[in-house]
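*Asks:* Taken in order, these protein sequences are the chains called X and H.
Residues 251 to 575 in my numbering are what the first sequence lists, from first letter to last.
Residues 43 to 363 in my numbering are what the second sequence lists, from first letter to last.
There's no promise every hint is true.
Said to hold, decoys possible - Only pairs whose alpha carbons sit at most 25 angstroms apart, straight line, appear in this in silico DSS-like list of lysine-lysine:
1) K510/X / K548/X
2) K175/H / K314/X
3) K45/H / K399/X
4) K514/X / K543/X
5) K455/X / K491/X
Everything labelled a hint here was simulated from the structure, so no lab data went into it.
Bear in mind the structure is a predicted one, so any value in this text is a computation, not a measurement.
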Amino acid sequence: MSSLLSVKNMSINFDTPRGSLEAVRGVDIEIPAGMSVGVVGESGSGKTVMCRAAMGLLQGSNVKRSGTVVFDGHELTAMSKEEVRNLFGSGMAMIFQDPMTALNPVRRIGSQLSEGLRVRLGMSKADALARSKELLELVRIPNAEAVLKSFPYQLSGGMRQRVMIAIAIACNPKLLFADEPTTALDVTVQAQILQLLRELREDLKMSMVLVTHDLGVVAGNTDYVAVMYAGEIVEYAPTTKLFADMRMPYTEALLESIPKIDHKSGTRLAVIAGRLPDPTDRGAGCSFAPRCKYVQEKCHKEHPELKQDPDGHVYRCWFPIGVSL
Amino acid sequence: MSKISFWFQRVAQLLIVLFLVTFGVSLLLRLIPVDLATILLPVASEEERILLRAELGFDKGPIGYYLQWLGDFVQGDFGKIYFSGGTEEVSDHLIEAMPRSLLLMVYTQILALAVAIPLGVLSAYRSGRRADKIISNSLFALQSVPGFAIALILVIFLGVKFAWLPTLGYAPISDGIWEHLKHMIMPVISLSVGLIATYTRLLRADMIAALREDYVTMAASKGLSDSRILWRHVLRPSSMTLMTSAALSMGGLIGGAIVIESIFATYGVGFEIFAAISGRQYIALQSSVAVIALFYVFFNLVVDVASGFVDPRTRDRRVNA
Chain X
251 MSSLLSVKNM SINFDTPRGS LEAVRGVDIE IPAGMSVGVV GESGSGKTVM
301 CRAAMGLLQG SNVKRSGTVV FDGHELTAMS KEEVRNLFGS GMAMIFQDPM
351 TALNPVRRIG SQLSEGLRVR LGMSKADALA RSKELLELVR IPNAEAVLKS
401 FPYQLSGGMR QRVMIAIAIA CNPKLLFADE PTTALDVTVQ AQILQLLREL
451 REDLKMSMVL VTHDLGVVAG NTDYVAVMYA GEIVEYAPTT KLFADMRMPY
501 TEALLESIPK IDHKSGTRLA VIAGRLPDPT DRGAGCSFAP RCKYVQEKCH
551 KEHPELKQDP DGHVYRCWFP IGVSL
Chain H
43 MSKISFWFQR VAQLLIVLFL VTFGVSLLLR LIPVDLATIL LPVASEEERI
93 LLRAELGFDK GPIGYYLQWL GDFVQGDFGK IYFSGGTEEV SDHLIEAMPR
143 SLLLMVYTQI LALAVAIPLG VLSAYRSGRR ADKIISNSLF ALQSVPGFAI
193 ALILVIFLGV KFAWLPTLGY APISDGIWEH LKHMIMPVIS LSVGLIATYT
243 RLLRADMIAA LREDYVTMAA SKGLSDSRIL WRHVLRPSSM TLMTSAALSM
293 GGLIGGAIVI ESIFATYGVG FEIFAAISGR QYIALQSSVA VIALFYVFFN
343 LVVDVASGFV DPRTRDRRVN A
């Protein structure tokens, strides 16, 4: 299987007054063409930074990056900003987490939606607006004509997220990054948006990177899952395999912390004790060791490398679950 | 409906401002512990002064006096300037002075914004880099030079040494647009320099904040060029502070350009007020201040309307508020 996006040994550091902050550390990830890959991890694990860096959207003089990103045969990391920009829209596109802040507050939906069509595909203003209306209908927005003339603040959160999806798919991208597309939405709206993304992905034959902190979202919507912790990928497997046979204690802990409807009332919700390690001072051992319930002497001293099962299941643990040493 | 009531409220607010300004000045005049009629007519018989007191309403209480002045003012009678040899109409003076001041203000604002907006955009885009540092530091240096010093330097070089521009006087547009502009260039530059520095800093700060917003990354992910993002996506939502500041500086530019007006002898309203104070022409002072207040309020209303177009959120926020 060919991969559409291939990230090799990517590291992202931010220079801060407290020192260098390692947001992403040596990440390798492949997004197979036509597949949907979930990236899971708690807040601060580097999911968003990884995606933005893969697309080349990290700006600022304090960002240090290394590693290579190859998209659809183009080595993005070796290309100029202008060349990468030409791949946006029709190659890669992104949906942002917060529909309240990711749309320009002072421009009408119509101009924000048609802009990409005009700049990227060279459509005329009238054609772009007609296509924009179709796109709004494609993301199931009723009364598209009126929405085109609205400002973002006049729409509800779910509607704005649909508008953002419409903007992202406007130029038929091959790869869609969805960065927590449902986090800022009501639960009922979340389900609708996920359903919409699933359908659009099939209709438009897009690959998708679905970033979320919610394992439940990943379960029904992805073919592969990458679990991130403290800037590293700690487990990578086909979705069904990961849920059936997880190796990494962190993944298990994440799963256990999902509230379940059949929990006896009065029982405590399982949480992962402790918090993410200081990103400016990564210790020598396994990043998860201080919070791991299976932790052993070796975990604190040596940093585990990625190991691969014969079936392709990848994990970063000295003492993986379900493997007899 | 609610939109109408917003504008109704806004206009009512501005009318209150106008009332407070004009009544305040009127009251201050009456608080001067001298006989105003004696000041206006230093050599005159008591009968003439009694007539003047009745004509101007000095014989009434402060409120009666204000109402009489207001009645005259709204009918276009701005009062008189009293000389030993006779009188002149204040309105004649203002008709002469107002266009000078207004044009000076308009040109100054245009020049200041035309320079400050590109500089602000550039220094926000390159914030922390060399271009930003050069712009910020040179503006800081320029801002600390008073306008009249800049005026004098301009006069010495452009006016005297190279003799490119006339150093004194005012030419109305009817004298030819070029002649008119030649007289305006140096006063306008002198007034603009301070404003350019202020405007650039305000815009720079707001743009740097806006550049961190998600919608900027979103715009970048659509494959737009940096310049398109800056000019079409970031400038407009970042310009509210700039617009407010521009509105606030209008009053100062109309009435307060007295130093620059004196240096270049382009006598505008600022100079009229100065002359009224030093000549103790209190009626002229009261009416001139009222005219400035009127224009100030008018321009603020214009900026109010404009800001609704620049940031549509403000329109609805007001309506909902």
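*Asks:* Each of the hints needs a verdict: does it hold here or not?
*Replies:* Hint by hint, here is what the structure shows:
| no. | hint | result |
| --- | --- | --- |
| 1 | K510/X / K548/X | violated (34 angstroms) |
| 2 | K175/H / K314/X | holds (23 angstroms) |
| 3 | K45/H / K399/X | holds (19 angstroms) |
| 4 | K514/X / K543/X | holds (23 angstroms) |
| 5 | K455/X / K491/X | holds (24 angstroms) |
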